[in-house]
Amino acid sequence: MNACWIAVASAQHVRRGRQGGFMQVNHGKAAPLRRIRPDDGIVYYSPTTVLGEKDGLRAFTAIGTVREGEPYQGVMGGGFTPFRRDVD
Numbered sequence: 101m102n103a104c105w106i107a108v109a110s111a112q113h114v115r116r117g118r119q120g121g122f123m124q125v126n127h128g129k130a131a132p133l134r135r136i137r138p139d140d141g142i143v144y145y146s147p148t149t150v151l152g153e154k155d156g157l158r159a160f161t162a163i164g165t166v167r168e169g170e171p172y173q174g175v176m177g178g179g180f181t182p183f184r185r186d187v188d
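Residue numbers for the sequence shown follow my numbering, beginning at 101 and rising by one.
These are calculated hints, taken from the structure and not from any lab test.
Among the hints, erroneous ones may be present.
EDC-like, lysine to aspartate or glutamate: derived pairs with alpha carbons at most 20 Å apart [stated by the list, open to error]: (1) Lys129 / Asp186; (2) Lys129 / Asp140; (3) Lys129 / Glu170; (4) Lys129 / Glu168.
A quick note: this is a predicted structure, and the numbers were derived from the prediction, not measured.
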């Protein structure tokens, strides 16, 4: 049986991941992504639309399946290179 995971992020951050076909969790740390396996399910819950705002969105904003491959580092600028996993 495959595992299912819930991640929490602002809807704006989830949208970026959906557009790029990847997921990031826990401020870009690799360790949580190493626990996730290919074909596991991932659901994103967004408490807000934009990080730091208090708009009270409180909605599930994405669902996907983790692809084959290991966590890798992406480049976001300003020296921030968070770990990611590819998701369909």
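Checklist entry - What hint numbers does the structure not satisfy? => result Structure breaks no hint.
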